[in-house]
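Novice: Sequence:
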Amino acid sequence: MKFTTALVGLFAGLAVSVPTAEKRQTYVPCSGLYGTSQCCATDILGVADLDCANPSSTPSSTDNFSAICAEIGQRARCCVLPIGILCQTPSGVQD
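Residue numbers for the sequence shown follow the UniProt record's numbering, so the first one is 1 and each next one is one higher.
None of these hints come from the bench; they were simulated from the model.
This structure is a prediction, so every number in the text was calculated from the model and none was measured.
Cβ pair distances, simulated, as ranges:
id	residue 1	residue 2	range
1	V28	I83	17 to 23 Å
2	S31	K2	51 to 57 Å
3	I83	G32	14 to 20 Å
4	Q88	S61	15 to 21 Å
5	T58	I83	18 to 24 Å
6	L50	R24	31 to 37 Å
7	T4	T62	51 to 57 Å
8	S61	K2	49 to 55 Å
9	Y27	K2	49 to 55 Å
10	D63	L33	22 to 28 Å
11	Y27	L86	20 to 26 Å
12	G32	K2	54 to 60 Å
13	Q25	L45	29 to 35 Å
Using N, Cα and C, we set each Cβ at its ideal position, and we do this for glycine too.
From just these sequences and the hints, can you work out the full model?
Specialist: What follows is the structure, given as structure tokens:
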């Protein structure tokens, strides 16, 4: 009787500990004050960027963000304003 109880308890514990689904976090290229993702051509001392535009599609990773901007000959940036003011390179993106 004790063996059956222990066996049921073991299998119940195993069933509870198995994850049901993998949770993936969505990629957020820019957050906080620098929350606007932009593709910009020229950076002027990190204060202003020229010829900025929104990415043509939603980036899914750092490499994807760089590739989206590279398609139009620009670089991935995170800006304070959507007009290319106060921009920085997103974390994980190589210039």
